[in-house]
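Engineer: Read off the chains here:
Number of protein chains: 6
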Amino acid sequence: MDERFTKGLATRKQVLGEMPVAQRVASAQGELNADLQKYLTEFAWGDIWSRGQLSLRDRSLATISMLAAQNRPTELKTHIEGALNNGVTMEEVAEVFLHAAVYCGFPAAMTCMRLAKEVAAARQGAAG
Amino acid sequence: MDERFTKGLATRKQVLGEMPVAQRVASAQGELNADLQKYLTEFAWGDIWSRGQLSLRDRSLATISMLAAQNRPTELKTHIEGALNNGVTMEEVAEVFLHAAVYCGFPAAMTCMRLAKEVAAARQGAAG
Amino acid sequence: MDERFTKGLATRKQVLGEMPVAQRVASAQGELNADLQKYLTEFAWGDIWSRGQLSLRDRSLATISMLAAQNRPTELKTHIEGALNNGVTMEEVAEVFLHAAVYCGFPAAMTCMRLAKEVAAARQGAAG
Amino acid sequence: MDERFTKGLATRKQVLGEMPVAQRVASAQGELNADLQKYLTEFAWGDIWSRGQLSLRDRSLATISMLAAQNRPTELKTHIEGALNNGVTMEEVAEVFLHAAVYCGFPAAMTCMRLAKEVAAARQGAAG
Amino acid sequence: MDERFTKGLATRKQVLGEMPVAQRVASAQGELNADLQKYLTEFAWGDIWSRGQLSLRDRSLATISMLAAQNRPTELKTHIEGALNNGVTMEEVAEVFLHAAVYCGFPAAMTCMRLAKEVAAARQGAAG
Amino acid sequence: MDERFTKGLATRKQVLGEMPVAQRVASAQGELNADLQKYLTEFAWGDIWSRGQLSLRDRSLATISMLAAQNRPTELKTHIEGALNNGVTMEEVAEVFLHAAVYCGFPAAMTCMRLAKEVAAARQGAAG
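As they're listed, the protein sequences go chains A, B, C, D, E and F. All the letters of the first sequence, read from the start, carry residue numbers 1 to 128 under the UniProt record's numbering. All the letters of the second sequence, read from the start, carry residue numbers 1 to 128 under the UniProt record's numbering. All the letters of the third sequence, read from the start, carry residue numbers 1 to 128 under the UniProt record's numbering. All the letters of the fourth sequence, read from the start, carry residue numbers 1 to 128 under the UniProt record's numbering. All the letters of the fifth sequence, read from the start, carry residue numbers 1 to 128 under the UniProt record's numbering. All the letters of the sixth sequence, read from the start, carry residue numbers 1 to 128 under the UniProt record's numbering.
Hints may be right or wrong, so weigh each one.
[As the list claims (entries may be wrong)] Here are the computed lysine-lysine pairs in the BS3-like style, where the Cα-Cα straight-line distance is at most 30 Å:
hint: 1; chain 1: A; residue 1: Lys-117; chain 2: E; residue 2: Lys-7
hint: 2; chain 1: D; residue 1: Lys-77; chain 2: E; residue 2: Lys-117
hint: 3; chain 1: F; residue 1: Lys-77; chain 2: F; residue 2: Lys-117
hint: 4; chain 1: D; residue 1: Lys-117; chain 2: E; residue 2: Lys-77
hint: 5; chain 1: D; residue 1: Lys-77; chain 2: E; residue 2: Lys-77
hint: 6; chain 1: B; residue 1: Lys-117; chain 2: F; residue 2: Lys-117
Keep in mind the hints are simulated off the structure, nothing from the lab.
Chain A with its partners taken away, still in its complex shape (with noise of 0.2 Å):
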């Protein structure tokens, strides 16, 4: 258990970059959802992304895309910023929202865009 909570934490580190992980693992500690995190440290990332069947930048496609037809806004922003990390540049995501937009309609991808761009002004400004 502990191996696949280290080989979670370090590809969601990977994805997700330092700082956030550390945050919420430490803000995770003795509250309602601690479990919650042990499992997604564990199996989404120790289990599943840590997998060398399909390449990190696939999985973040694949990822977006579901969250895309699923109209999950928090996670959504938070795999763009993964998405990024893992090669997929800016205009291929939004590639991917305006692809959105035959197979989940109009509404989930100007929705989708929107978040992207939330991301894209966030990021600029930490860069700016």
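Use these hints to put chains B, C, D, E and F onto chain A, whose structure you have.
Structural biologist: Quick look at chains B, C, D, E and F alone, frame taken from chain A:
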């Protein structure tokens, strides 16, 4: 408009193969959904799938991920075929559906895996 | 309560026709979903469908649109029939599903159009 | 009808508490959704929630599970309160949302857990 | 293509009004979603909304019904405005959302009614 | 890992019965979804279903409620069986689906009730 239709038909043929395309277009003549087929070819295939901003393989990964999240079995089976034609291996298709267990839940993953098996069996039957 | 049931049964008969209503009510006697049928008749048909604030044709347009977005094939087919009884033509039903390509995506539109064709074929069979 | 409304108001008060009910009914007078509030009280609370075939605690478990799967945050927060009033502990609410990671995916579970924390914080604020 | 864009812009202006259209098109110049806006205008407004097979009022009823079922608040508010411009009264909009209680559940109906109230309040504020 | 698998297999057997479990595990050997089955057993059954924070009966109520909202018929039928094994009566299963009419709409409730009837008929056939 003709140009968009022609381009769409070519992209669709590249992704979904020769026979079904001709067959579907033919069967749609004078029918209830003739216009839907026209827009599907022009907009979905001619405008969006034909754009170079994302590879066909990436679009297939996005498409099966969106359909996995949305519970649309007929279209998912069509696009599993398309993904295989676009260079996604059957193992990678299965891995996307395993990934869906994290983002859409196990019931979605189980349903998609069953559909992937049906496509695999049909192809073995056709090849064997 | 009886009054609501009676009004609901009358509205339902007007929208979905004579035979199926009687048949469904009869088949529900002493069964698992007898109470569900009762509430469906009283609340859905007696309270809501019987209100004059929206015409039956408008309610049918709203109903098939909501069911198109939700992926409920059995109920959608029932309400395509209801829409035809309420003065929506089959061409307008098909147009609603074409419209769904914009707001729910092409997979939803394709699925609904197939169901509309099944209803059209069944009616031609019954008439022919 | 009056009897159903009275019974519904009583059940709703038992589940959601005194103040909000009175307040909501008052604020709905003469407004756009006065009829929706009436049907909610009569049908949802008077007809369904008041049935003895399932305990209030069981109905609360079913309700927060359905809302977790559906992504309706405002109603979910209301019914987390209702669940606590019906004898579900906050730890059990959190456990239902952990369970949702399996059946609805981790993004749904994460979103619901955040809402549960907001309800817990608001209650501690009110109590502290 | 220009013809489809021009026709789409005209239909969109008719449904959603003058100012927002100009403003949105302007703000989209050189941005992440410029192409999404282009396809929205050409395909959604130019190809589909401009077809005569269904009145603008019927299309508005279908649109708000599909968005009510899908939980897309920003687009729903835009299309409540569009529905009012297309001759649906605010009372009929509210009635569609009451109808949604039957087909999408009360949480969907409650959410939509809140959004309708926000639109009504904003319009009274603008008019008062 | 072995411990989680063993625990998961035991919990799954307790909930879903002996034969199907053995059969499903066997049939998954060397197949496309062998890893999905492994994670299902380890994570869904070994980690989550085996936790004591919620009774098996409560987990079954939550599971069929989440599946009712999500439109996943195959998994819903499996978990109606599981609910019956966990002490939920068929009348209570039907009551959960009646409750779903309020929170997911009547089409969801009707679909689920049909599936419950199929399970009831299959069990009577097996017993009779």
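Engineer: If any of the earlier hints don't hold here, list their numbers in rising order.
Structural biologist: Failing hints: none at all.
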